[in-house]
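Peer 1: Fit chains W, G and R to the known structure of chain X by using the hints.
4 protein chains.
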Amino acid sequence: MIVEMNTGATKEQVDHVVDRAHSLGFEVQLNIGTEKTVVAILGSDTGKTDTDVFAVLPGVQSVSRVMKPYKLASREFHPRASKINVSGVEIGGQRVVIMAGPCAVESEKQLMDTARAVQKLGASVVRGGAFKPRTSPFSFQGLGQDALKMLLKVKSDLGIPVITEVIDIQGIEPVAKHADILPVGARNMQNFALLRELSKLKHPILLKRGLSATVTEWLTAADYLLAQGNRRVILCERGIRTFEDTVRFSLDISSIPVIKQVSHLPVIVDPSHAAGHWAYVPSIAKAAIAAGADGILIEVHPKPEEALVDGLQSLDIPNFERLMKDLRPIAQAVGRYV
Amino acid sequence: MIVEMNTGATKEQVDHVVDRAHSLGFEVQLNIGTEKTVVAILGSDTGKTDTDVFAVLPGVQSVSRVMKPYKLASREFHPRASKINVSGVEIGGQRVVIMAGPCAVESEKQLMDTARAVQKLGASVVRGGAFKPRTSPFSFQGLGQDALKMLLKVKSDLGIPVITEVIDIQGIEPVAKHADILPVGARNMQNFALLRELSKLKHPILLKRGLSATVTEWLTAADYLLAQGNRRVILCERGIRTFEDTVRFSLDISSIPVIKQVSHLPVIVDPSHAAGHWAYVPSIAKAAIAAGADGILIEVHPKPEEALVDGLQSLDIPNFERLMKDLRPIAQAVGRYV
Amino acid sequence: MIVEMNTGATKEQVDHVVDRAHSLGFEVQLNIGTEKTVVAILGSDTGKTDTDVFAVLPGVQSVSRVMKPYKLASREFHPRASKINVSGVEIGGQRVVIMAGPCAVESEKQLMDTARAVQKLGASVVRGGAFKPRTSPFSFQGLGQDALKMLLKVKSDLGIPVITEVIDIQGIEPVAKHADILPVGARNMQNFALLRELSKLKHPILLKRGLSATVTEWLTAADYLLAQGNRRVILCERGIRTFEDTVRFSLDISSIPVIKQVSHLPVIVDPSHAAGHWAYVPSIAKAAIAAGADGILIEVHPKPEEALVDGLQSLDIPNFERLMKDLRPIAQAVGRYV
Amino acid sequence: MIVEMNTGATKEQVDHVVDRAHSLGFEVQLNIGTEKTVVAILGSDTGKTDTDVFAVLPGVQSVSRVMKPYKLASREFHPRASKINVSGVEIGGQRVVIMAGPCAVESEKQLMDTARAVQKLGASVVRGGAFKPRTSPFSFQGLGQDALKMLLKVKSDLGIPVITEVIDIQGIEPVAKHADILPVGARNMQNFALLRELSKLKHPILLKRGLSATVTEWLTAADYLLAQGNRRVILCERGIRTFEDTVRFSLDISSIPVIKQVSHLPVIVDPSHAAGHWAYVPSIAKAAIAAGADGILIEVHPKPEEALVDGLQSLDIPNFERLMKDLRPIAQAVGRYV
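Top line first, the protein sequences correspond to chains X, W, G and R.
When the letters of the first sequence are read in order and numbered with the numbering used here, they come out as residues 1 to 338.
When the letters of the second sequence are read in order and numbered with the numbering used here, they come out as residues 1 to 338.
When the letters of the third sequence are read in order and numbered with the numbering used here, they come out as residues 1 to 338.
When the letters of the fourth sequence are read in order and numbered with the numbering used here, they come out as residues 1 to 338.
Keep in mind the hints are simulated off the structure, nothing from the lab.
Please read these numbers as outputs of a predicted model, since none were measured by experiment.
Honestly, I wouldn't trust all of these hints.
No copy is singled out in the list; a pair is fine if it fits within one copy or between any two copies.
[Said to hold, decoys possible] Heads up, simulated DSSO-like pairs for lysine-lysine below, C-alpha to C-alpha not over 27 Å straight-line:
# : residue 1 : residue 2
1 : K36       : K68
2 : K48       : K303
3 : K303      : K11
4 : K11       : K68
5 : K303      : K109
6 : K155      : K11
Just chain X, with the same shape it has in the complex:
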C-alpha cells in the first residue's frame, strides 16, 4: 500500500503512519521527496487491510493499493486455470458449454419440451428458474418447490445436469438436493450471508456479476465462496448498468480477457439478461465465445410470446437452433468446440 502524505505533513504525522504499519505487522519504506513524503507499506497481507486504516490518519492525503483485495480467486494464488466438473460436463476446458432453457419453469410440459429440444441441439446443461426474484411484488414469483421436482425429472429422464437459482439461505437445501449447479443472482452477489453458507457446500456455484459491481468487487465476492473450502466457483458476466438505454444492461465484453488474466476461475456469459431482447442475443453470444468465454447461459422458450417471465429475451427453438449452428465455427476459430 502506498501512503502519500500532504505537502507539509509533519514528522510526527509520518511517524504515526509508520507506527500503525508496524503495529499491523507490515514493513515500511520511506520516500522523502522535496515536496512530499511517500510511505510504502510492504507485506504479503496488505491486500486484506482496508486502505482506510491509513487514510484516516492525520496528514495523509491519499492511500492506494498495490495488492488486490481478493486473494483466493486470483491467478497469483492459483496460476493454472481451474476446470470444474459438473456431473460429467467440464467447465473451463476446451469445450464451450451451452446452458439453455426457460427463464422460469412454468409447467412440466414446457420444461421437458424445452429440455429435450436444447439437449438435442447441443446444450449440455438445462436451466430453469424455480424461485424468481422480481422487481415488483405483483409479478409472477416462480413455481418454487414444484419446479424443483420438474427439474429433477429432467435430470433423471434426460441425463443432463440442471441449473436453478438459489435466492436465499432457506432455499439452499432444497435447491442443492435437486440441482447440479447453484447460481447466485446478480442482486445477491454481495449477499455475504448467502455466500458464506454456499461456501460450505461441494456443489458448483455460478456467481453472477452484480449489475454495478467492478471486476475487483466480483472477484472479492468469489473469495467468500472459496473461503470455506468450496473450490467449484464459476463466474457469469450478465451485463452492467450504464446510461445506455437500447439494451437492458451493457454486456462488459472486456471483463472476459481481464478475468482470464487476473483470475483462474472459468467465466461464462448470459447474453439474454444483458440484452433484454432476443434479437440481440446471437451477436452477443458469438462475441462472448470469440472473446474467450467458457460457456453461454441462454434463455430458450418454446413459445416466447406466452412466457410468464422475460419472454422478450428468450429465443424460440428455431432461433436457438440457428444460433447453435452459428456458434460452432466461432468456437473452432478460437481453438475450441461447442
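Peer 2: Structure of chains W, G and R alone, referenced to chain X:
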C-alpha cells in the same frame, strides 16, 4: 401502456396485440397513423403488467409505460406525506431527524460514549452496526449478538431509539427485539425474500437505495415492504455508483425533490457512506437538508483513527458538534428545525 | 408522441395540449381513461419536435417519444445497409476492413515502417494521428502539418488509403487534402459546428461515439453529418464510460447488433482506446467481428515502449501479426473475410 | 508515481524501469519485497508524465499516480481561493452570485423583459444563449449575431454584466466583444483547440463540466485555460450522466466540497440543465448554496410554455421570485449573502 407497431406491421399483428390486451382485462384504443399504428392499452392495473408481455409479440417495435410500476409507495395512491413515529420521534414531520453513531459497535464503552455525546448534541436516534456486510471475507464482520445487547442498553439507559442493520432473514428476530428501526442495506435493496419478511413486521424499516438502483426501482422495492401491511417505510439516499472517483459514491441530491413529488414516504440522507471521507460529509449533510430531506444518518466515532470499520468517513465528536451547529440555521431556512 | 396528463388534469389543460399539437401541424387522438387522460400526438415529423414542447404545459405529467429523434441515419429512412467506398476499399461490404497504425505519427521512419508492416499483414487502411487532443496541456500534441505530409507519402508510396483525425474546423482543409477518411474523435461527437462543416464535404467521415453518448444521441449526431449531403458516414464504437476500472472504457459490444438493426450505416470498432491495454485488444477485436462489426481500427507501433502517446494500448508488429491470423477464421465464421 | 512490478519480474525489467525514470529526470527508490518489487518514481513534475510511459514496459503490473495530473488549477499551486471580478461583480467572494435569464435569446422584448425582472429580483448577471448547440440538426440553433446585439443592449441599458456561450473558435471574437463572461459548454469541455484560444483572452471563462468528466479531468481541462495566462476561470457543475432517468443529469453535489478542497477556483452550479425540469430546480439550487457553491446559473423565461428551447427547465418570473426569497436565508446560514 403504449405499444408502437413496426412500420408495415400487418393487421393480424395489430389484432394479436389487441387480443392480448383484452385477455388481460385491459381496454385498447387504436391510433392508425399513415406511417405506423400505435395501440394504447388502458386500465388502472397496467402498471403491474410487464411491458414484455406486449414487446414480445410479432410486429411490435417498442412498448412504453404510462403508469409507474410502483403503486403503494406512490403519491397518487397516498396523496399526503407519511409521517412515521419511532418511539416518540417523528420522521417526515417538521423536525429534521439526526441519527448518529459509529459505523460498527466495537465495545460497550465506545458505543455508550458516542451515544451520550451525540444525544447531548441533538441527535434523536443512535446508530450502530452489529452485523457488518463487508466486501472482503477477511474484514471485521461486526460483534453480532453482543452488539445488539449493547444497543439495548443504550436505549434503556439513555431513552433514545436505536437503529441497526438487519442483513438476512435469520437476523430479523434478534434485531427486531433490540432495535427501533431496521435498516435494509443498499446491497439488500432487492433481496426480495428479506423485504417480504420485513413487510410482516410493524417496525419501521429504513430502505437504503441500491447503489445502482433507479428511483423507480427503489420505490418498487418499497412496494414489497408495504405489500403485506407494514406502513412504516423510510427511504434513505446514500449515493449511487458513477464514474466519479474522488468520492466513494455520488450522492444523488436530485432524488430528494423527485421523491417528494412522486412518493409519500419520508426520505433521509446518509452523507457518510456516500462521501467515503469525513471532510466532505458536512457539505453534503447541509445540502441534503436544504434540498428537503427529512433527516440525516451520520457516522460519528470518538476516535476515527482507531475505528475498525470506515473510520475515514466518520466525524469525531468536535466535528459532529460543529456540524450540528451548522445544520440548525439551514433547517430554519427551509422552515424546519433540527 | 404520447402525452400523459396528471390524474385530475382539467379539460382546459387537455385542450391546451391539443391546441398546441394542432398549431404544430400534428393530429391528436384522445384516450380518456377512468384515472387519467392520454393524448397521442400523431404525424410523421414528431421525431423532430422536442418533447419539452408538451412537457412544459400545465397538467402534463410526462411525454414519451414513439418516433426516434434521428431520421437520416435510421434504417426506416434507408432500409438497405450503406456501403462506403474509400479509394477502392469498401466499408460495410463482405470484407472486414482492418485500419492499423500508430496512435500518433512520430517520425517518417516510424510511420513508414508501421505502414509497410501492417499493409503486408493485411490492413487496408493506415491510421496515424497528426493532431492529438490530449487531456493535459503539458502532453505531446502531435506533429501537425508535418505528420500530414508523411501520411500523404505513405498513401502515394504504398497506395493505401490513410485516416487521420480532424480536431477542429481550421483543420478540415489541410486534413481533407491529405487523408482519405476523416475521423471525428469521441470528444467532438457533439461539436455540432464541426459536424456541420464536415457535412459539406464528400470525404468519408468516421464518427466516433462520445464516451457517454447513447446510441440514439450518436445516430442523431450522424444526422448532422448527413444533413447537408455527405452520404459517406461510418460509425466507430470505442468504449463508453462506466464505473469499471480495469479498462479505460467499457466496449459496448451490444451497440453493434443494435446499430445494425436501427441504422443503415456501417460500424467499426476501436478496441485499443476502449481497452487502454494491449493485452485485452485481441479478445475485443475478435468479439467485435463475431458480433458483426464491419471493421477494426487498431493501434500498432513498432516499439510500443518508446511511443510518445498511448504505447500501452498499442500492439507491436508480432502481436498484430498474430491477431490478423486469429481474426481470419472469426471473419469466416460469420460469413465474411479479412 | 508508483510502479508495481509483476511477481517474478526480472532484475533486467526492474532496471529498465529505473533507467526510463532517470532518462526523464526523475529519481527512484526501490522497494524490493518478498513477493514483488515496487519502484517509486520521485520528482515534482511526475504529474505531467503519462503513467503509460512506465506501464508499457515489460514486467510492469500497474502504475498509480501520487501527483495529480493538473497543476495550475490545484490548491497546492495556489493555496488561496481565487476571487474573480466581472465588471464589478465578484465571483468567489462572500456574495453568492445569481446569473439568470432565458436559455436562448428569442427576441429583444423577451430578453429585456426577463433581464429587467431578474435584475430587480437580485440577479447580478444576465444569461442568454445566442448560439445553441443542439442534439438534433433539425432543432432551433439560436439567433446568433442578432442575439449578441440584444445582449449588449441589456448590458448598456441595465448596467448588468451578460454571459453567453461561445461554441467554436470562430465565435470567440464576436462573443468576446459583446459578453462579460464566456462559458464553455459541457460538450466542449475537452475541445482543447477552443480552450487554447480562450486561454489567450483576459475575459472570465466559465468552464462547464463535461457530462461524463471526472473532477480530475475537469480540473485538467481548466489547466488548458490557465496555461497561457488567463487567470479568470470559473467552474460550473451542471450534472453528470448516470443511469438515473427521472432527471436529465444527476447533479454531483459532492463535487463542490471536493473542488473547494483540491482547487482554488470558484465553482457555481447550473440546476436547470441538471434537473431538466423546473419543479426540481429550487431544491437543487438551495442544496448547491448550502454545500458551498459560489453562485447559481439559472434559466428564467417569462413564458416557459412558449420557449423555443428548454422551456421545461425554466422558472417563470413568480417562481424565480420565490426561489430568490428562499435562497437568502440559506446563504445566510452558510455565512454568505445573495
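Peer 1: Determine for every hint whether it applies to the structure shown.
Peer 2: To see whether the hints hold, each was checked on the structure:
1. Within a single copy, K36 and K68 get their C-alpha atoms as close as 25 Å, and across copies as close as 13 Å, so both meet the 27 Å cut-off.
2. Only between protomers do K48 and K303 lie at most 27 Å apart by alpha-carbon distance; the minimum there is 22 Å, versus 49 Å within a single protomer.
3. Taking the shortest alpha-carbon separations for K303 and K11, only the inter-copy value of 21 Å comes in at or below 27 Å, while the best intra-copy value is 72 Å.
4. Taking CA atoms no more than 27 Å apart as the test, K11 paired with K68 passes between copies only; the shortest distance there is 23 Å, against 29 Å inside one copy.
5. For the identical chains of this complex, K303 and K109 are intra-copy neighbours only, at 12 Å inside a copy versus 61 Å across copies, given an alpha-carbon limit of 27 Å.
6. Taking the shortest Cα distances, K155 and K11 never come within 27 Å of each other, neither inside one copy (68 Å) nor across copies (43 Å).
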